[in-house]
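Asker: Protein chains in written order, with this note's numbering: chain A, 3 to 319; chain B, 323 to 609.
Think of the hints as simulated: they come from the structure by calculation, not from any bench.
Built from N, CA and C at the ideal position, the CB exists for glycine as well.
One should not assume that every hint holds.
To be verified - Each computed DSS-like pair below joins lysine-lysine, with the alpha-carbon atoms no more than 27 Å apart:
id, chain 1, residue 1, chain 2, residue 2
1, B, K332, A, K113
2, A, K137, A, K113
3, B, K605, A, K76
4, B, K328, A, K105
5, A, K7, A, K76
6, B, K581, B, K570
7, A, K133, B, K328
8, A, K137, A, K182
9, B, K332, A, K105
10, A, K133, B, K332
11, A, K140, B, K332
12, B, K394, A, K137
13, A, K133, A, K168
14, A, K105, B, K394
15, A, K113, A, K182
16, A, K108, B, K332
17, B, K528, A, K7
18, B, K332, A, K76
19, A, K113, A, K133
20, B, K605, B, K528
21, A, K137, A, K178
22, B, K394, A, K140
23, A, K7, B, K605
24, B, K605, A, K210
25, B, K394, A, K133
26, A, K182, A, K140
27, A, K108, A, K152
As the list claims (entries may be wrong) - Incomplete in silico selection of chain A near chain B, CB under 10 Å:
id, residue
28, T50
29, K75
30, N84
31, Q98
32, G101
Residue strings, one per chain:
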Amino acid sequence: MIEAKDLVKRYGPHTAVDHATFKIERGEIVGFLGPNGAGKTTTMNMLTGYLSSTEGTVTVDGMNILEHPLEVKKRIGYLPENPPLYPEMTVREYLQFAGEIKKVPKQELGKRIDEVMHTVGITDVAGRLVKNLSKGYKQRVGLAQAMIGKPDILILDEPTAGLDPKQILEIRSLIKDLGKTHTVILSSHILPEVSAVCRRVLIINQGKIVADDTPENLAKRLLGGSQLQLRVDGSVQQVEEVLRKIPTVKNLSFKESQEPGTVELIVESDKDKDIRRDISKALGSAGLPILMMRSLDMTLEEIFLHLTTKEEEVAKV
Amino acid sequence: MMAILKRELKSYFLTPIGYIYMGFFLLVAGVFFTFGNLITRSSQYTGFLGGILFIYLFAVPLLTMRLFSEEKRQRTDQLLLTSPISIPEIVLGKFLAAFIVYLITLAITVMYALVVGFFGDLSFWETLGAYIGFIFLGASYISVGVFVSAGTENQLTSALVSFFSLLLIWLIDPISNSLPVELVAGVIFAGLLVLSLCGYIYLNTKNLYITVAVLLIGAIIIAAAYFIEKGVFIGFMRKFFSWFSLNKRYENFSMGLLKVDSLVYYLSFTGLFLFLTVRLIEKQRWV
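Bound conformation, chain A alone (with noise of 0.2 Å):
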């Protein structure tokens, strides 16, 4: 459906974007995911083609974007990461304009305002000025722009960045939502809405893309062992001495407790190997209770860690 190739965007010196290749199939969630600076907006104007390409090519449909640019740009509904917004317009006249540039018929337009509007929730905003909007709903209205020429791929520039949370449950569950019909691209800095949303990740850092899997495989294959978190009602002492006689306990790491009496520790074990039960049941048989367990998500910034150090490695070998 959409198909990058070697593509590669040099500001002077500076490379943005660093031979980047991949290929998007129909249907598809992607989530682009980077630090800030990654390449990751760069790629998407490429992709979108409000950039041109320093080599490389992007083709959609078999298309490419330089050689078929309004074929293509009819395929595409972008939101940048500013919504591109005329803030002295109302919501219903920027949406016309924005059918009108995208080449909704007319007789359509109208029908076609209401249904994207409903869609995203901004019905009852539609007479007002753009300019007095909150955030968020400038964020939906810009949603609603990228919709309403009913294009098969939306490319969404961190759509919910800056919004508050009941807002980011909401845009994305839209966007889940918009995934069942549409090809989604979407970019983030954050890794839990990523794999809440995406069912596949493309991992970019310094223009390069460093990985491409599911959200739950990259976690895996990232995540060196699984971490968990306790608190439990004993001694350090105590604690330590029943856990280290568990074998697939690698190592513990203790916290200072905010409850009196209590201990709170990290505890790692291999890759792979549940060990929930095997903690919950010496701990118990030792008569020091349970009082939370969870299991720690890896942070972006640990994943950016090990993809760096690993690369290094590599290149040490």
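Take the given structure of chain A and dock chain B to it, following the hints.
Answerer: Below, chain B without anything else, positioned relative to chain A:
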């Protein structure tokens, strides 16, 4: 294109800028008319129209400053350039919107002509010629403003650069009159033109062969012209610069002369700058 045109026209009157332009222009034109015609009881209407030409130096930059620079500042150019609409359509839509506001404002001054015609002797053909001239001259001024706006991200910069560009075009007449007209000067200037063309080609293509080829062709043309008809180079510099002088050709119109070559000149000047605007926007995507 119609969508862009409609949106731009609306936005002139949804933001203060349309009112500022019209207010500024009509205020100054009104002052000129009051003091030039009403109080002095003069029916010299073409004199007033010559004054209007001067107002456009300040007013046209106001009209064109936000066309592209504001899109870039608000990042709405991302919407335009990722939509299935071509860049020439965008440029033409914006140009026409500015041109329509220009024409509406100009049309209001026809009222003054009626006042003069009612109470005095209005030289009808000269006035008509001057108005036709304004239509074409305005299109040329606006095309310069559109081009400058596409190269800037800030409205104020855009307005100032447009103003200085138009001022330069204004000053071409007095400057070119003092340029040397000798044969040698003409040949040297032609040589410099060829060299700068070669420099431009080299910087853009980095291709030495094409550059050398252009240099040779240029040298041959200059040499051939020199041996066949030396007269070409006499006053060549002056002729070259006066090509950019928009106002000189306007004088014909205000004398009631409708010259086809002047119309063609204004249309090609406008077309050239709109074409350059399209190229500039395309080039910005490669940077």
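Asker: Confirm or reject each hint.
Answerer: Tested hints:
| no. | hint | verdict |
| --- | --- | --- |
| 1 | B:K332 x A:K113 | holds, 23 Å |
| 2 | A:K137 x A:K113 | holds, 26 Å |
| 3 | B:K605 x A:K76 | holds, 22 Å |
| 4 | B:K328 x A:K105 | holds, 15 Å |
| 5 | A:K7 x A:K76 | holds, 21 Å |
| 6 | B:K581 x B:K570 | holds, 13 Å |
| 7 | A:K133 x B:K328 | holds, 20 Å |
| 8 | A:K137 x A:K182 | holds, 26 Å |
| 9 | B:K332 x A:K105 | holds, 20 Å |
| 10 | A:K133 x B:K332 | holds, 16 Å |
| 11 | A:K140 x B:K332 | holds, 21 Å |
| 12 | B:K394 x A:K137 | holds, 20 Å |
| 13 | A:K133 x A:K168 | holds, 22 Å |
| 14 | A:K105 x B:K394 | holds, 22 Å |
| 15 | A:K113 x A:K182 | holds, 21 Å |
| 16 | A:K108 x B:K332 | holds, 19 Å |
| 17 | B:K528 x A:K7 | holds, 26 Å |
| 18 | B:K332 x A:K76 | holds, 25 Å |
| 19 | A:K113 x A:K133 | holds, 24 Å |
| 20 | B:K605 x B:K528 | holds, 16 Å |
| 21 | A:K137 x A:K178 | holds, 21 Å |
| 22 | B:K394 x A:K140 | holds, 18 Å |
| 23 | A:K7 x B:K605 | holds, 22 Å |
| 24 | B:K605 x A:K210 | holds, 25 Å |
| 25 | B:K394 x A:K133 | holds, 17 Å |
| 26 | A:K182 x A:K140 | holds, 23 Å |
| 27 | A:K108 x A:K152 | holds, 14 Å |
| 28 | T50 | holds, 4 Å |
| 29 | K75 | holds, 4 Å |
| 30 | N84 | holds, 5 Å |
| 31 | Q98 | holds, 9 Å |
| 32 | G101 | holds, 9 Å |
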